[in-house]
Amino acid sequence: MTTETSLRDLLRIVIVGHVDHGKSTLVGRLFHDTGSLPEGKLEAIRGMCERRGMPFEWAFLMDAFQSERDQGITIDTAQIWFKTEKRDYTIIDAPGHREFIKNMVTGAANAEAAVMLIDASQGVQQQSRTHAYLLRLLGIRQIVVVVNKMDLVDFSAERFAEIDATYRHYLAEIDLAPAQIIPIAARDGDNIATPSTRMPWYKGPSLITALDDFAGKADLSALPLRLPVQDVYKFDDRRILAGRIQSGSVKVGDRLLFSPSNKTARVASIETWSAPARSAAKAGESVGITLDEQLFIERGDIASHETQPPIETNVFNGRLFWLSRNPLRQGQTYRLRLQTREVPVTVQEISALYDVEKLTSKPSDDVPHNGIADVVLRSQAMLALDRIDENPSTGRFVLTDGINLVAGGTISMQGYPNQRALVTQRSSNLTEVLHKVTADLRQQRNGHRGGVLWFTGLSGAGKSTIAMAVERELFRRGMQVYVLDGDNIRTGLSANLSFAPEDRAENIRRVGEVAALFADAGTIAITAFISPYRSDRQRAKAAAHDMFHEIYIKADLAACESRDPKGLYQKARRGEISDFTGISAPYEPPEAPDLVIDTQGATVDACVMQVIDYVERHFRG
Amino acid sequence: MDHLDQLESQSIYILREAFHQIDRLAMLWSLGKDSNVMVWLAKKAFFGHVPFPVMHIDTGKKFPEMYAFRDRYVTEWNLNLIADSCPPVEETDPSLPPAARSAARKTLGLKNAIAKYKFNGIIAGIRRDEESVRSKERVFSPRGSEGSWNFGDQPPEFWDYFNTNLPEGTHLRVHPLLQWTELDIWRYIDREKIPVVDLYYSKGGKRYRSLGDQDITSPVDSNASTITEIVAELETTKTSERSGRAMDRETEDAFERLRAAGYM
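Chains as they are written, first to last, in the numbering used here: chain E, 1 to 621; chain P, 622 to 885.
A hint or two may mislead.
The calculated label-pair distances, taken between Cβ atoms and stated as ranges, are [claimed, not checked]:
id, chain 1, residue 1, chain 2, residue 2, range
1, P, Arg645, E, Arg266, 32 to 40 Å
2, E, Lys566, P, Met622, 53 to 61 Å
3, E, Arg46, P, Lys827, 46 to 54 Å
4, E, Leu42, P, Ala689, 47 to 55 Å
Worth flagging that the hints you see were computed from the coordinates, not collected in a lab.
Quick caveat: nothing in here was measured; it's all calculated off a predicted structure.
Quick reminder that beta carbons are idealized off the backbone N, C-alpha and C, glycines included.
Construct the complete structure from the given sequences, taking the supplied hints into account.
Written as structure tokens, this is what we have:
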């Protein structure tokens, strides 16, 4: 008895394309031509067709619902199995009607490869484009295109070449390259399993050959370890962390880092039932591990090795497809699910709403049903995640609204820093030493409290100009005051940092800590940094707590760009400076600043006086 | 990981999601090969424990061998068994064909048990390759307050993010074996040495491929008397698994109607 077949590979392919371009017929034909039809199925379909007084319809093989057969339209995705000499296949039939995109996504997301159908007589249609775009977002890169119903265009090589060129161009624009584009007539089997005699001009492979050439399921075990904790079990004396390894591998004795809680422990055992003990496990496996220390770990934490941890952030860019009938709106809060983590997120910005037909985009206040958009999502809690181009599992998320799953998306960190280095306290064994000189004593001597005036605003808004003038005036009034200015700090304290998002965040962290020390020493520290990220300012505030005053130096981008005192905007526009705030990196205005100085509507002197008044009111007495 | 390892891992992931997300959960145990695999997977997922009740919706018309199997493995596998009886056939929808009415008793029995024990999650061992209506199912599939399946408007489900939130008064069906095929089931039974009722093995040229109630299930012609022979038979057969189940094809939409009303 042979057991050889149990080692056969399985590839899941999804059939997509515009409604009525013949998807279900193609599936029926694939079955027929590979001899995979169950006995009696052909007769059953024939019976259904006769009862409806219609010619034989292959689509009835997959359209299991009576309503699908009666309307001749596929409503929901179905799956069916067939085999070639090389391997086994699961075919996922996805509906092509615009109304059923959620079902198309449900089907396609499970596939490793896709067959895109285009009707030769109708050419490239709306869903031919939308489905391709969705495949790209779903991460499906292996695509074969079939131009169906070639019989309707008299097997014309010219017509085929025309569709081939149009569609190749579209796919290239969204960074997809088809493995093959094949002319077929699904109803009669041309170029399905065997070369068509009616299209001698076509020299490429048949569909079956093209499918057999696809690679199998991607193995993620070479990537860094990501093991999201699914649950913690205590059924007996073992405390088992359960989860599926999404990427990488783990072995007994490895030191694991749990993010975002940032705890570490070693793997004591990999638990099993009714199987030999394990010493290692890799991507794809659902495992249970025990640790050498009893840490408080929760569902949602992601275990990695210490050297290659996931990104930590509370804000990221997502490109998503929106499945709800209620539009996604800026400012709305949804629940984010990222592997096993679930937290509320707010839509800070809809930076681009895409037109998948014209491949253009524009900013928007909402995203309509079935829309595709880039959004900035922000959470209160810190998140552990990866960029989609670095890890396909922890680089994806979904959103839910109430009880409904409403969106799926991929993560980019374009313009946002990894906050891991900023929140991880490396040294332990620290004990805070109390000063003998209290804040009250310092205040009595100076005649005012210490504090931080944290200026934030675009480059060119007037931060440095106002800061220096305020410093001079406060000094004249006998106050202890010092300005921490961007360029000055960059030549000393932060000389080792670049302008990449992570380094900018680190720069601001240092300034925040230094400003807090000045404030603690009884001085009024004025900081003049763009400090574009809310999370960074939040941390600076945490360092100086109630001595922190956020002052928004406000001027819009156009005004700042026209002032351009250092010529930086010009350089950024020419592409000579990357990650420039306002041009190629985001600026997040304060939500509730202590003071707003509008520099477009007032003279420098008036602006300075507003700050002085504020200081007199808040720092004296 | 081979194909069976991938299926096993996926099913364990699904069972763990169900256990974490659903507070009142039960697993249907029909005593057939698929539900034995499912109980086995639960023991793997939870390291030897099955942390929810297993439920046998008893029509009273199963084969004697199946009842004997149940009594033995309840103890051996340390299961918390619920075995409530189904209402009589008179209480089912009279417009259904006869065998479907008989099967509909199970739907009513399940509905009663859900109400009695206040379950909001039911794990069922259905597979996509069994029947074309089942191939349209979701892994986590919501049911209306009457247990009904709104198949025309199912929620999206992708990247293994399952819908686990529910309106009050409804429940979720969880289908950890949805991706498995009949052949996968037998290969896994073979690999893991999972016990099954011996009605599946050929005696006198006949064996049962699918086990339902005695009066509406018939054996198929087969000489396969070991698991290896069953696997070999299935690799070449073109007869469908449920060909011995009368209820599936009395009329074109009989099975669809049964499922819409809440059948497994």
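Each hint tested on the structure:
Under the hint 32 to 40 Å, the C-beta atoms of P:Arg645 and E:Arg266, about 37 Å apart, fit the expected range. For the hinted restraint 53 to 61 Å between E:Lys566 and P:Met622, the CB-CB distance of approximately 57 Å keeps it satisfied. One distance hint, 46 to 54 Å for the beta-carbon pair E:Arg46 and P:Lys827, is violated here, with the actual separation near 29 Å. Range check, E:Leu42 to P:Ala689: Cβ separation about 40 Å, and the 47 to 55 Å hint is violated.
Consistency note: the structure conflicts with the earlier hints numbered 3 and 4.
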